[in-house]
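There are 2 protein chains.
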Amino acid sequence: MRICCPTRLTTKCFVSFLFAVTTLAGAANVDWILTARIAVTMDARRRVIEDAAVAVRGDRILAVGTRAAIDKEHRAAQRLDAGNALLAPGLVNTHTHAAMSLFRGIADDVRLQEWLEKFIFPAESRNVSPEFVRWGTRLACLEMLLSGTTTFTDMYYFEEVVGEVAREAGMRGVLGQTVIGFPVADAKTPAEGLARAERFLKQFDGDPLVTPAVAPHAIYTNSDATLGAARALANRHRKPLLIHLSETKKENDDVRRARGVSPARALDALGLWNGRAVAAHGVWLDDTDIEILAARGVGVAHCPASNMKLASGIAPVVKLLKAGVAVGLGPDGPAGSNNDFDLWEEMDLAGKLAKVHSGDPAALTSRQIVEMATIGGARALGLDGETGSIEPGKRADILIAALDHPRTTPFYDVYSLMVWAMKGSDVRHVMVNGKLVVRDRKPLTLDSAAILKKALEYRGSVAASLRTGR
Amino acid sequence: MRICCPTRLTTKCFVSFLFAVTTLAGAANVDWILTARIAVTMDARRRVIEDAAVAVRGDRILAVGTRAAIDKEHRAAQRLDAGNALLAPGLVNTHTHAAMSLFRGIADDVRLQEWLEKFIFPAESRNVSPEFVRWGTRLACLEMLLSGTTTFTDMYYFEEVVGEVAREAGMRGVLGQTVIGFPVADAKTPAEGLARAERFLKQFDGDPLVTPAVAPHAIYTNSDATLGAARALANRHRKPLLIHLSETKKENDDVRRARGVSPARALDALGLWNGRAVAAHGVWLDDTDIEILAARGVGVAHCPASNMKLASGIAPVVKLLKAGVAVGLGPDGPAGSNNDFDLWEEMDLAGKLAKVHSGDPAALTSRQIVEMATIGGARALGLDGETGSIEPGKRADILIAALDHPRTTPFYDVYSLMVWAMKGSDVRHVMVNGKLVVRDRKPLTLDSAAILKKALEYRGSVAASLRTGR
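Protein chains in written order, with numbering that gives the first Met the number 0: chain P, 0 to 469; chain H, 0 to 469.
Do not take every clue at face value.
Since the list can't tell identical chains apart, any single copy or any two copies may satisfy a pair.
What the hints assert, rightly or not - Capping the alpha-carbon separation at 25 Å, the derived lysine to aspartate or glutamate pairs in DMTMM-like fashion look like this:
(1) K187 x E130
(2) K452 x D80
(3) K187 x D439
(4) K441 x E163
(5) K452 x D412
No lab work stands behind these hints, which were simulated from the structure alone.
Chain P with its partners taken away, still in its complex shape:
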């Protein structure tokens, strides 16, 4: 239990206090007890508990321990005894474009700049509407929840619709309204984008699930004035800023040619790192860039699948971690840069890529990789006080995955199991913010059949727009 400062009584302290009081008075009433063969807590001591249980009250975890201890001290309104299963923090996606699920694989095997300019931007301008974003985000949330992702970080258009879907799905989100220097689906000018972003920040201020954010797309798609205005707006509302950073060599070379410094240093000079920021990709960061990001507390979203598939390059993850930068994982968008939202696959890729790239099979251990997908990702988002681990006081964002597949039998180390042998399809139950959202692989908050039907309708109109160019 953490020692609370009486002058700054947080919810976490209050829960700890409650816990202390109720245990004195005998068995405490809780909403849920979840049990499993093994729990990976990702707490500060990285405790792994065999025959484990978690007690949940309201939206928060009240206690974690052995099943015997938790059962002795708590009386639960509802139980979920998962048996031969692994209980772990819900996974944290630190970079994605959810609604692009409806563009899944429309353009494979092309370079990022060409992919963006010839395929994605035109397809978006022809197809993206609030309803497109609504159904695309529903499809994405469905896939993410089914594979155990409980927090997602989004950068897209009509972000207020993404926020509505996150609430509907019961999923945690750090959602960034895009600001970009040319006319897009939801704004004709960057000024319009900024105005939209401000309305969005206000609309979702204080939401228990949604952290609204401002998302200037990148240094190469925005003017310095817009970038500065985006930072100022985020700071005025004490919200994070999300941005793509040093994703391709071309971006790096162009910025260096124009400004004499790297994108990370150019953005530093513009003050973009003065406040919570999450930078996606960071493929071409050099040692000085890494020092700056570490000093400014910028979180980095590592996107191995996207960086490999678009041949963008290999991010210096080992160096970033060594410098103390908070690194999370992101599947990016599914329109050609991935093409799914599976964080188990990102874990596997992050590890294998770091090993083959460095020539060192010990580079990135499986524990470090699980950290990136959970508490590390939460830290990159500034949400490590709320999610990313199974500890008393944290929000109850939890996945439970079956261990009855031949692929998960036997295992000798639980982190090795999670990174190298488990898959998204092993996830069986998911809780977000104390609410069960997936049970026995069935979504409880989203209508799967309706979403898949709508996705096929959108497929028809997207394919037609690609054929006709309209």
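Based on the hints, put chain H in the right spot on chain P.
Here is chain H on its own, set in the frame of chain P:
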């Protein structure tokens, strides 16, 4: 239909003949009709058929076409109407060590030589017995079948037990009895290994599922005399030879230092390529090596997961394919080099690795990758006349995968779907050699509960042997 030469009447010709006769006489009786929303045939024209059906008689495919056409011309004893699903050739695993499933992840994050010498060889000498191989192979076959692999290529000890399990599982196998230059679980000397191999070749000669093979482990673990004897033995029985080749830089450097030439050239000089051969890994092949392998018709098993995880390096797959070498995919063993048998993941990795390595997002298209996992793998094994595609006359080795997951909806290109969005868990039904072996994700030939129980027992004894060193 293929034109048959009357002087060389093969089974394939006979089936074609039968087909012609029966269609003249009205609807043909068949054992199975399988239908699905879309079929990827991987035939010479790479036909993709919407609303497709396959007619199976005995162990072979009799006809492939639209559901309407197949239904009109055939009367089936049994039907499997899979609905919103993909029908494709069963996947071909060209390199693995199945029984090592019981060692899943015993040693992660170490270099291949250390991994072999400090962990794997000692663990094997303490644990491997015929019963260990039997249960380990059962566990592996269970996992492989559930994820749609219908042919596997194995190199291990007590290979006759692997053959028995392949028959029991109803799975196709190219199974290599190991020959190695130091005492191992099933042979004290290479001579004993060769004698074992000969008995094994005789025992499984003419088996409809098992192609027995000789598997000298590698150039660095066998004398030249043993390597030559292994080749002579394989040729005497007209069977393939399986070997590890140029897996690590160390292997390449050591051989070059000792012999002045690369492993591929040294083995060529020893005559190892005079006869059907499958070389696993090929990470450090140079251009001359590739020319030699192409000229000698050596098949190559590309193992991206293993090569990345052990930091062995990156195989020149694009060059191999360009040179006309038959390349298949292999998950290698699950004891630390992978740690599963999932060929969908190997497809995904092969593509992403080739793209990021070459800096070219167009390197290896998704169609080329599906080829490696099916007909290309079959060609590498010399089995392309029998399996690897859905065409009349071929053995009925077929997978049917559900397309009702949010991850597989929508899609715009079926090869992109298969490589970048589908997973092993989508596989729902599997047929090998005309026999249904997985139905609705349930194994029909193997006892899943008994296998998982036994695997946990072996986990206990393996863990104890690691602790005590005995």
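### Alpha-carbon proximity between K187 and E130, which holds within one copy, between copies, both or neither at 25 Å
within (19 Å within a copy, 70 Å between copies)
### Message
Within a copy, between copies, both or neither: which one fits K187 and D439 at a CA-CA cutoff of 25 Å?
### Response
neither (45 Å within a copy, 50 Å between copies)
### Up to 25 Å CA-CA - E163 versus K441, copy category
Within. Shortest intra-copy distance 21 Å satisfies the 25 Å Cα cut-off; inter-copy 39 Å does not.
### Intra- versus inter-subunit Cα pairing at 25 Å for K452 with D80
between (33 Å within a copy, 20 Å between copies)
### Query
Is it within, between, both, or neither for K452 and D412, if the alpha carbons may be no more than 25 Å apart?
between (41 Å within a copy, 18 Å between copies)
In this structure, only the earlier hint numbered 3 is contradicted, and the remaining ones agree with it.
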